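With chain S fixed as given, assemble chain G onto it according to the hints.
Chains as they are written, first to last, in the numbering used here: chain S, 2 to 690; chain G, 2 to 690.
If you are wondering where the hints come from, they were derived from the structure by calculation, not from laboratory data.
It cannot be assumed that every hint is accurate.
To be verified - Quick look at which bits of chain G chain S covers, simulated, 3 or more residues with Cβ under 8 Å: (1) 69-76; (2) 172-186; (3) 236-249; (4) 431-443.
Said to hold, decoys possible - In silico EDC-like links for lysine to aspartate or glutamate, alpha-carbon gap of 20 Å or less: (5) G/529 - G/393; (6) G/515 - G/475; (7) G/25 - S/542; (8) S/239 - S/209; (9) S/25 - G/393; (10) S/515 - S/475.
Just so you know, these numbers come straight off a predicted model, no measurement behind them.
From the three backbone atoms N, C-alpha and C, an ideal C-beta is built for every residue, glycine too.
For reference, the chains in residue letters:
2 protein chains.
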Amino acid sequence: MSSLTRLLDPGSIAVVGASASPGKAGYQALRTLAGFHGTLLPINPNAAEILGFKANPSLTSARNTTGIAPDLAILVIPAAACLDAVRDAAQAGCGGVLIVSGGFAETGGEGARLQADIAHLCRDAGIRLLGPNTSGFIRPRTACAASFAPGIEQFRDGGVAVVAQSGGVNLTLAFLVHRLGVGLSLAVGLGNAADVDVADVLEYLAADSRTKAIALHLEGVREGRRVYETLRRVTPLKPVVAVTPGRADIGVFARSHTGNLIGAYDRKIAALRQAGVVVVETTDEAADAVSALAHTRIAPASDPGLGVLTGQAGPGLLMVDRLRAGGVRVPEFNAATLKRIESLLPPMTFMRNPVDTGRPSPTFPAVLRAIAEDAGVDAIAVFALDEPAAVDPAAVLSAAKRDTSKPMLFGTVGLHESIAPTVEHLWTAGIPAYTSPERLASAARALVEDARLAARVARGRVEEAPPRFPAALELPLHEATAKALVSAYGIPTPRGVVCRTEADAVSAFAALRKPVVAKILTTEIVHKTEVGGVRLGIDTEADLRSALAALDAIPLTGERAYLVEEMAPRGMELIAGAVRDPSFGPVVMVGLGGTAAEALQDTAVRLGPLGEAEALEMLDELHARRLLEGWRGAPPVDRNAIARTLVALGRILLDHPSLGDIELNPLVADADGVIALDALAAAAQDVAP
Amino acid sequence: MSSLTRLLDPGSIAVVGASASPGKAGYQALRTLAGFHGTLLPINPNAAEILGFKANPSLTSARNTTGIAPDLAILVIPAAACLDAVRDAAQAGCGGVLIVSGGFAETGGEGARLQADIAHLCRDAGIRLLGPNTSGFIRPRTACAASFAPGIEQFRDGGVAVVAQSGGVNLTLAFLVHRLGVGLSLAVGLGNAADVDVADVLEYLAADSRTKAIALHLEGVREGRRVYETLRRVTPLKPVVAVTPGRADIGVFARSHTGNLIGAYDRKIAALRQAGVVVVETTDEAADAVSALAHTRIAPASDPGLGVLTGQAGPGLLMVDRLRAGGVRVPEFNAATLKRIESLLPPMTFMRNPVDTGRPSPTFPAVLRAIAEDAGVDAIAVFALDEPAAVDPAAVLSAAKRDTSKPMLFGTVGLHESIAPTVEHLWTAGIPAYTSPERLASAARALVEDARLAARVARGRVEEAPPRFPAALELPLHEATAKALVSAYGIPTPRGVVCRTEADAVSAFAALRKPVVAKILTTEIVHKTEVGGVRLGIDTEADLRSALAALDAIPLTGERAYLVEEMAPRGMELIAGAVRDPSFGPVVMVGLGGTAAEALQDTAVRLGPLGEAEALEMLDELHARRLLEGWRGAPPVDRNAIARTLVALGRILLDHPSLGDIELNPLVADADGVIALDALAAAAQDVAP
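Same shape as in the complex, but just chain S:
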């Protein structure tokens, strides 16, 4: 049994602060719980009975009177009274406490201390704590509406779970799922998450047999790495859909909300997708997608094909445009399918996928079957305006579903009274149904994305390997050591020699292929080029000596040395690096080098460690990916060599915990491979969060 079971699936609930005055939160809390299938115990020192339930003055007295140690105590009392109430809960043997009030860590200072004290007390007493500063949770199966909003007691039991950092977003998502006619297994708002956090609830839901799919709302994440690793374990079992703010700069408001930083948005998105989570843009999309995924899922596939059947060309065009723009493949059918469809429809309609039937006719079911049986089709989206006289989608799709295991989705538009029964029937039959063409398209895209990410997670498993360089690094590293480090992990660097004296440099010059480059070797200067610390194109010994003289003119306080290296071939300049994110741990990035590319911020990121397939997909994400593929007649660069470099960078950060940042700028790539012309390494404590 999970340590969360008594908290989130209680058999008995005490409401501390229950009140008989309508309008008070303690009244509302008891009222929404009135239908609870277990034991309900109002706690109020000044009332004998509330809403027909016998009241007790305290949790311990309730335990003594009833012999029941309440599984869950809901505290609907001011922040200042909570510490005492939690002590009482510990004494009464409660398994979980839910604190609704605000006034804790989100207000700083005093509130943060109070929250820490309560969390500490709970930990010692073996009590799991939800909140503070949350609207609570809802488990419809037991009518456990441990939350405030009116109406939640009407939610149906079902396969969708919601985990939200914000109580308000938890309710929003739950209501939107309910509005589709879909049931919920559990909907939890975490609030300040002093104890129970996102990862805890995800673990709990992964093991909960009633939960089929999870909607996740994530603002800032303190322990991003833990959430990421939990999600990687969860998504192969159950699909997860996430909605997460942070695209724009909303930092100040966000901090005031739950006290968390939003963090770098692109890292958060990369982590979620890398863990197999379907990221959507709105709560509406999240509700639509998670509801679909609770009913049906495409088996993991690197690029599933969608069959589209539409009764009207215009809406079909809008759908297919949205699908294709969203990266969903709508493949041409094979010849046999096409022939079957041609025999079923008048000649002037479009049939190659999408299939436009014109006004649906009696052949509609046969066309649908032909599409479902095409080997290139992994799921089918059907749209038809409401026209009961022409086609009964509820009957046609339910029948078709009996003959195929491929997911099917439906969309329609019409008068609410007319389409509502159809939509409800289809959801019950396991066919997600939506009330606009684009909502259907978005849900279909979520299904495809889930299958694609699942395949990526499966491919993305990383083999363990021993470190290839002594773990203890003396940081910061100078360029030559940083290069030795990356080189030990298989990243090519120019042939070069560290020289203490001019004589050393001259003999190194003799041994190297000309021209060479001479660099100042020191940890005192980060941007060597800017101080003239890099002398390029040295062809003669005389050139070398004057270059060294120029380097000697750069003031240094410490030891002085040179790095003499062979000049590398020309190629495409990239920037590749890895940084230790305070929340997500090692993050690998790649982008195009050069001023223009930097201004365009065309970069891709992933959490390390990562496999080569994952690294190759980073390259596919670059807007400038065409440049890698041989733009304007240039030969394509060696993408695999870049991918191996990214894999190595992730591993380096993993193997060397003291390292905070390593950057190869530029990493030059051509058709034959890559070479790191510079390497910069910084200690973890020197990297700004």
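Same frame as chain S, now just chain G:
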């Protein structure tokens, strides 16, 4: 009276092909029209009465019997029978014909000829034709449901008009608007648009006093320029929201080099926005936005500020993130407003915009009033979860609306039964209301976008000016003439001399600032660099002679000449051009030069002619705009000089109808201005569409 009035606002309607057999289209057509406020005349040679209406065997006999020349004849008969029916309609004195059937131009050959014949006949008879191949139109005010879908007869009269190229999308948009509880003035599906087209209906709606806002669905546009010019006249009077597919076709490029960078979808979107149209992504968003705009509009402003009030921080965060990511300004309130709000709310909530009230309290109305009175706020978005015990949004917002002229929008989430009356009340009070935080945010964004585009349209008026170069161009132009042309329009080009002989070149060299560049001057070669036709960095006469010798080695069939020019200063390389689009006419584009930028397809387009403000906004649209603003310590480039160049390019195409394409590649920009290093001009007939 518009020539469309009899067609789209008929007093009498004849249904040709009306049928008494349920299931037949001719039955459905009559049935949905049964409540029509005018005269309904079924036409059927084999029936005396249908659905209680007296039938006539033909239109002319109906006219003779009733004395009524039907304003509109709806033909619900096969394509092959339509020509005769239209002849009959002409004889009967009909004002409009609606042809529902398919089987015309969309099937090619025979069908196209039939359609042309019918269109011709209508034109001669002064009959306006809607369709063929359309589901028709709906005008709820007169219960004129001249379309097929069941349920449309329940649409309410109101201020939203729909114009859709597709009949199916017309119905989709109309149903989605209806679902919001909002009424429609007219909803038209154009189908093949053999006569009545998008521009016609837009003109009609602009003059229709009942129409407050227009939803537009646009697929391909044959006469893009006419649609653009019509929309520019319409949007200052009435807001227009468009949904338009084609994003997925972005990969299909025109063959000419400039067209290569633009793509047709970009042109369509640019034209719509330049005409003041709010472009959205889905029919759901279109319905939400047009409904809002039919009730309230922000006065034209270059960057309106939105005040946001939320009862729950989490959904508020999602909203503000979406708004800011969508470019909407959510400005900090001024000090006085902040002070007022601070006096109304507990200290721990966020108040600087958004205002997070926590659970709404009795001060909610006063907070709303404070926000509405802030001078930096042009519109207000209010979100609150449904909590009737805490706040009654219908009462609060309706009351607030009486005290402010600033648009207000509302969003909520809760049980349908509980929120539906609130939402309905607010729409009736002129306050758009939505059922999710992000739908509220999107509608607010549409309001802001409308105001911003309206300001842009107002600023974008272009002064007339006489041509600055002889209109008759002998095309194609060689580089020197092309440069003379752009130079006449004020675009700087390098100082240079056209030389027929080596001797000419030598004396030109003497007169020019060194170094110079020598180019082959011919219209036979488009890409001169690729054949060695451009020799750079010529410092000495000897260099010049060997450069000329190299140019002489390039085989030409025609006349041979050189262009000797001063080398230009270094700067940022751009590509600027103008091309004559077959549908939209002159289109101006600008993008970053260089391989990387081209691969990134970072370009902005506008229809020409355009003003300097509009041209400056093109630069703001470039992803790489930061490069222009002085990236990494470089001085900012002269944006105004680039803008003037773009204005000039638009004017050049306008003044020279024989010109199809003009391209400056590269256009070099620095802090002091711009200079076109190359200019390429092609004839209209040589530019691929």
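Cross-check of the supplied hints:
Coverage of a stretch by a chain is defined here by at least three residues with a beta carbon nearer than 8 Å to that chain's beta carbons; for the region 69-76 of chain G and chain S the count is 0, and the condition is violated. With 6 residues having a Cβ less than 8 Å from any Cβ of chain S, the region 172-186 of chain G passes the three-residue criterion, so the hint holds. Counting residues of the region 236-249 of chain G whose CB falls under 8 Å from any CB of chain S gives 5; the rule of at least 3 is met. Given a C-beta distance limit of less than 8 Å, the hint that chain S covers the region 431-443 of chain G holds, as 5 residues qualify and 3 suffice.
Pair hint residue 529 of chain G plus residue 393 of chain G does not hold up; C-alpha atoms about 72 Å apart against a cutoff of 20 Å. Proximity of residue 515 of chain G to residue 475 of chain G is assessed by CA-CA distance (about 32 Å); at most 20 Å being required, the pair is judged violated. Straight-line distance between C-alpha atoms of residue 25 of chain G and residue 542 of chain S comes to about 96 Å, which puts the hinted pair past the 20 Å bound. With a CA separation close to 10 Å, the supplied pair residue 239 of chain S and residue 209 of chain S stays within the 20 Å bound.
Taking the CA atoms of residue 25 of chain S and residue 393 of chain G, the gap is near 16 Å; set against the 20 Å cutoff, the hint holds. About 32 Å separates the Cα atoms of residue 515 of chain S and residue 475 of chain S, which puts this hinted pair outside 20 Å; it is violated.
Going through the hint list in order, the structure does not satisfy hints 1, 5, 6, 7, 10.
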